[in-house]
Amino acid sequence: MIALDCDDDFATWRDQARVLLGHGIDPAQVNWGQGPIQDLLAVADGLPDGPGPFRAKVPAELLAQLQLAARYRGEQRWNLLYEVLWRVAHGDRTAMLAGDRLGSELQRRIKQVTREAHHLHAFVRFVPLPTAVAEQLQLDLVAFHEPAHDILETASGHFAERLGRQRWLIATSRDGIRYDGKDFDYRRQCPPEWRQWAEQADDPDADLWLTYYRHTFNPARVNPDALRMHMPGRFWRHLPEGPLIPRLVGLARQGKQRDGQAQEVAEQGGKRISVVTR
Amino acid sequence: MQLIAKLGILADAAKYDASCASSGAPKRSSKGSDGLGATNGMGICHSYTPDGRCVSLLKVLLTNFCLYDCQYCVNRRSSNVPRARFTPEEVVRLTLDFYRRNCISGLFLSSGIIRSADYTMEQLVRVARLLREEHDFRGYIHLKTIPDADPLLIEEAGRLADRLSVNIELPSDASLKRLAPEKQVATIRQAMGTIHRGQQAVAGEARAPRFTPAGQSTQMIVGADTSDDRTILRNAESLYQGYGLKRVYYSAFSPIPDSPDSVPLAAPPLLREHRLYQADFLMRGYGYKAGELLSEASNLALDIDPKLAWALSNREVFPVDINRAEPALLARIPGIGLRSVQRLVALRRERRVRYDDLIQLRCVLDKARPFIVTSDYRPALAETRSGLLRARLRDPVAPVQMGLWG
Ligand code: SF4
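From first to last, the protein sequence lines are chains A and B. Position in the first sequence counted from 1, then plus 23, gives you this note's numbering. Position in the second sequence counted from 1, then plus 119, gives you this note's numbering.
Keep in mind that the hints were calculated from the coordinates and are not lab data. Possibly wrong hints are sitting among the right ones.
[Stated by the list, open to error] In silico DSS-like links for lysine-lysine, alpha-carbon gap of 25 Å or less:
{"hint": "1", "chain 1": "B", "residue 1": "Lys302", "chain 2": "A", "residue 2": "Lys294"}
{"hint": "2", "chain 1": "A", "residue 1": "Lys205", "chain 2": "B", "residue 2": "Lys302"}
{"hint": "3", "chain 1": "A", "residue 1": "Lys205", "chain 2": "B", "residue 2": "Lys296"}
{"hint": "4", "chain 1": "B", "residue 1": "Lys146", "chain 2": "B", "residue 2": "Lys365"}
{"hint": "5", "chain 1": "A", "residue 1": "Lys134", "chain 2": "B", "residue 2": "Lys146"}
{"hint": "6", "chain 1": "B", "residue 1": "Lys486", "chain 2": "B", "residue 2": "Lys408"}
Owing to the predicted nature of the structure, the values given are computational and were not obtained by experimental measurement.
Pulled out of the complex, with its shape left as it was, chain A reads as follows (with noise of 0.2 Å):
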């Protein structure tokens, strides 16, 4: 067996598998470790030496989609990968397809990982951080982000498209990236004072937002599921609006809400307009 270890970065594990692929090392014979390894009384092999005599050709898609499946955290996340190589070099190209048992996992994952850095893209809030300290830390906006797949480093260029030359940076509980207006800075581990900024930056103008998400809601076609099905409640934890959730749905269920109106409006004064007859 061959234990290996690529440090969950693509092109260390390229280089490995390249290598075996050349010596026609079977995926059975292989095993990327994750964390501590499991079998400690398992003689582990090393990589062989040299490229090995068999040159394989794989179609430059296929590298396309397994860099993207890298990014994928979970079991098995590089054997699968090598797996998948090992076919297609072998002429299986089965293994990329959805309608495969390999390939519809590797398909799983792709469209994990892209939903994964759509949901960055959604879901990021930024605090503005005020001009004295904007100027201190030349950062004008901060977020605290939990994705679950290792997509920060390549989903984050969006903001720099959305928010021009304004600094920023997002911090997660590994990894972390800023951007200064010009050039990106991605730490894979996300250095202490970042993450506590944004943790801690403070926001008096938060509620205009909270205002606005609870009057946008019409407590007459109230559905969680549907919410649920759409942002999963992992995400509640780090939006703003989130603990509204739980007290709107109340509010609606408990039959005060017979129709769109938010109560904060329904308890106002109203103005009936008279217009002069033409």
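Based on these hints, arrange chain B with the ligand on the given structure of chain A.
Then chain B with the ligand, alone, in the frame of chain A:
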């Protein structure tokens, strides 16, 4: 009045418009520049409200003062609601603030009619101009169009906004006359025509200034009058054809506070709305005609989806051979969506498709089974009568509101 109090009133007043889409805009970026905002064609839902609807835009009215008296509308002049009015600068401030926080991807601005149609339209255009010109805002802008406004104003709006919409409001002329006496089908359609011509004038001219690149949409209220689904879908079809609309939104009528006797007090007909969206999707994406979907009944079935309903009343077309049929026919099999069709076509280029492949592709086999043939499967149920099949395939419970709000 404080900004936050206005926001509460004017967001509450705008929530009955179903559209919140931010998709279809051309690629724009602020990278390395002073402005703010980007679009890439894909919409983003930044949140969902507890009714399961996507929050993509700041959707507010400029004001809920209104001279008109549309019976289904909470802002009609005879309604006893609190009133407020934003200045254009206030809307700009809110848009930019929410945008920087990544709470929204743009603005959807509408308004009650104040003073005159032209004046109201001018105010809406002014907000868009401030955003685009003073603040270099490159995010998404959707403006509601006031039908009676001067076509020149509508054209100006079309150059600033990604999307314009004119609401058709009700499915039939008679209902519009009865429930929205100040509005006229003729001017609504004229405004749609103005927008459509603006789009056609720049179509195919790469260097022409953009005109509503994300298209035109409209909204029809369902359940405020007695129109049947056939009337609704025929009307939608004619709008798609006549004015090249991108989307028709169907909004289940929500009872409003202080409701006049002319409109129902019942809970919004959400399942009916859902079926209409499904049927609409079949017309836009799958090539079904309104007449095909409602050839026998005048309303869509509530217990089964319209695609299954069509298959059950067209049994002579089935079973379809997955290995041979044209993609367009594959797409008519219940339980097999457009994406699965693409994947099946890719797979059958490599080898014969088997029954298990459909499981791998996560097709809804309970629905598909009676209608397909694969290299190793033929339906024993092919002879089963449609009535029995229908009873078997009926949706067990009301489906959750699906993600059709893109
Ligand atoms: S014009 Fe009619 S629908 Fe529009 S705000 Fe006024 S009353 Fe409501």
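> Does the structure keep lysine 134 of chain A and lysine 146 of chain B at a Cα separation of 25 Å or less?
Replying inline: Given pair lysine 134 of chain A, lysine 146 of chain B holds - Cα atoms ~23 Å apart, limit 25 Å.
>> What's the verdict on lysine 205 of chain A and lysine 296 of chain B, does the C-alpha distance respect the 25 Å limit or exceed it?
In response: 57 Å, violated
> CA of lysine 302 of chain B to CA of lysine 294 of chain A, is that 25 Å or under?
Replying inline: 22 Å, holds
>> Run the distance test for lysine 486 of chain B versus lysine 408 of chain B: straight-line Cα separation, threshold 25 Å.
In response: Holds, at about 22 Å.
> Within 25 Å, alpha carbon to alpha carbon, are lysine 205 of chain A and lysine 302 of chain B?
Replying inline: Violated - the C-alpha atoms of lysine 302 of chain B and lysine 205 of chain A are around 52 Å apart, more than 25 Å.
>> Need the status of pair lysine 146 of chain B, lysine 365 of chain B: alpha-carbon distance at most 25 Å?
In response: 18 Å, holds
Hint check: violations occur at hints 2, 3; the rest are consistent with the structure.
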